[in-house]
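Basically our numbering = 1-based index in the sequence shown + 595.
You may find that some hints are simply not true.
What the hints assert, rightly or not - Here are the computed lysine-lysine pairs in the DSBU-like style, where the Cα-Cα straight-line distance is at most 30 Å:
#: 1; residue 1: K871; residue 2: K899
#: 2; residue 1: K785; residue 2: K855
#: 3; residue 1: K871; residue 2: K798
#: 4; residue 1: K871; residue 2: K785
#: 5; residue 1: K842; residue 2: K855
#: 6; residue 1: K798; residue 2: K755
#: 7; residue 1: K710; residue 2: K798
#: 8; residue 1: K855; residue 2: K899
#: 9; residue 1: K712; residue 2: K749
#: 10; residue 1: K798; residue 2: K749
#: 11; residue 1: K871; residue 2: K712
#: 12; residue 1: K749; residue 2: K777
#: 13; residue 1: K785; residue 2: K798
#: 14; residue 1: K842; residue 2: K785
#: 15; residue 1: K899; residue 2: K876
#: 16; residue 1: K855; residue 2: K749
#: 17; residue 1: K926; residue 2: K842
#: 18; residue 1: K798; residue 2: K855
#: 19; residue 1: K855; residue 2: K777
#: 20; residue 1: K876; residue 2: K855
#: 21; residue 1: K712; residue 2: K798
#: 22; residue 1: K777; residue 2: K755
#: 23; residue 1: K749; residue 2: K785
#: 24; residue 1: K798; residue 2: K899
#: 25; residue 1: K926; residue 2: K876
#: 26; residue 1: K710; residue 2: K777
#: 27; residue 1: K855; residue 2: K871
#: 28; residue 1: K777; residue 2: K798
#: 29; residue 1: K899; residue 2: K926
#: 30; residue 1: K785; residue 2: K755
#: 31; residue 1: K876; residue 2: K842
#: 32; residue 1: K871; residue 2: K842
Stated by the list, open to error - Each pair of labels, with its calculated beta carbon distance range:
#: 33; residue 1: A745; residue 2: V632; range: 25 to 31 Å
#: 34; residue 1: M774; residue 2: L708; range: 31 to 37 Å
#: 35; residue 1: S909; residue 2: Q686; range: 44 to 50 Å
#: 36; residue 1: D633; residue 2: N757; range: 48 to 54 Å
#: 37; residue 1: N918; residue 2: D870; range: 37 to 43 Å
#: 38; residue 1: D833; residue 2: M774; range: 52 to 58 Å
Treat the hints as calculated values from the structure; they're not laboratory data.
Bear in mind the structure is a predicted one, so any value in this text is a computation, not a measurement.
Heads up, the beta-carbon is just placed ideally off N, CA and C, and yes, glycines get one too.
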Amino acid sequence: MWGAFPAAMALGTTSWALNQMAYTFGYAPYQNPYCVVDEDPGYSYESPLLPAIDQIQDPGSAPPEGTAQVDAARSSFRAGDYPQALAQLDQAAQQLPNDPVVHELRGLTLFALGKYKPAAAAVYAVLSISPGWDWTTLSGLYPSVDVYTAQIRKLESFVKENASAPEGHFLLAYHYAVMGHKEAALRQWKLAADLTPNDPLVKQYVQLLSAPSGDDATAQGDGTPVATPSAPTAPAFDTNLLQGAWKASATQGTGSFELKLNADQTFEWTFTQNDKPQTVKGVYALQGNTLGMEPDTGGTLSAKVTAPADGTFSFQMIGGPDNDPGLNFHKES
Numbered sequence: 596m597w598g599a600f601p602a603a604m605a606l607g608t609t610s611w612a613l614n615q616m617a618y619t620f621g622y623a624p625y626q627n628p629y630c631v632v633d634e635d636p637g638y639s640y641e642s643p644l645l646p647a648i649d650q651i652q653d654p655g656s657a658p659p660e661g662t663a664q665v666d667a668a669r670s671s672f673r674a675g676d677y678p679q680a681l682a683q684l685d686q687a688a689q690q691l692p693n694d695p696v697v698h699e700l701r702g703l704t705l706f707a708l709g710k711y712k713p714a715a716a717a718v719y720a721v722l723s724i725s726p727g728w729d730w731t732t733l734s735g736l737y738p739s740v741d742v743y744t745a746q747i748r749k750l751e752s753f754v755k756e757n758a759s760a761p762e763g764h765f766l767l768a769y770h771y772a773v774m775g776h777k778e779a780a781l782r783q784w785k786l787a788a789d790l791t792p793n794d795p796l797v798k799q800y801v802q803l804l805s806a807p808s809g810d811d812a813t814a815q816g817d818g819t820p821v822a823t824p825s826a827p828t829a830p831a832f833d834t835n836l837l838q839g840a841w842k843a844s845a846t847q848g849t850g851s852f853e854l855k856l857n858a859d860q861t862f863e864w865t866f867t868q869n870d871k872p873q874t875v876k877g878v879y880a881l882q883g884n885t886l887g888m889e890p891d892t893g894g895t896l897s898a899k900v901t902a903p904a905d906g907t908f909s910f911q912m913i914g915g916p917d918n919d920p921g922l923n924f925h926k927e928s
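Full structure from sequences and hints, please.
Listed below in structure tokens is the structure:
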């Protein structure tokens, strides 16, 4: 199975893909600290973006061609008509709610309008599951670098005058990172982290930018490299022991989980949060004590599991949230 489904071997996946898997499976709670619906009626970032995995692996691509609203928004943005661009992107976001490129352009438009908190909310949603654009992509949206520079100077002034506003530091860190100013970005991430100490995303970015050069793409959320196995290993216990229907309660926040592992190596994972059930389906395999689950939408969630005994087994996501206690699944009677 590991050879038949290459993504299921991707223990060396990036932190952004790990984040997406945690959100896809409802394993980690998502909270956007900059999401204030009253300040941005055009779109709510209360829930995470869940794009197809190939959109994350190619985050630097231009906004999707052929989408009328996005094409029109790009033209409006380049012409400096930011209100019109925002209105067009609001429409595009309704059609493409999980497209990180649409939301990154929307965040850039809000930034150009000086609406920094809504801009931070949009960028936060994107950076939760994607490294975002590079300088070539972002600068290509402007008619000249001078226009962008003037907007950056306004944001820098806002940050100086509002040092206790985390959205300013967060947004400025993002822009410095896009421009390739790593040290300046790190300083702003640290200031944002000081103001939002419970935000896991800014902590992750501080760790990633503090890591030695070249380690970013293969680092976990704690900054340590994710090991990639050289070859599949045999299951540590009889896979048949995992087959059946299992239940668990959330250890972070509220919610519940149901897991069905079938004999044909397919799975069905249902998580319920705020009385809203969501189901993920795909294929699974056991390698050593690592259970790999590859959803139909792509990517892989890998977890360390124990051999079921007395109708229970433990499940802890590899590269998951800090201080993660994992889940304890109990077999349904």
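| request: Could you tell me which of the hints above the structure violates, numbers in ascending order? | output: 2, 4, 14, 16, 18, 19, 34, 36, 37
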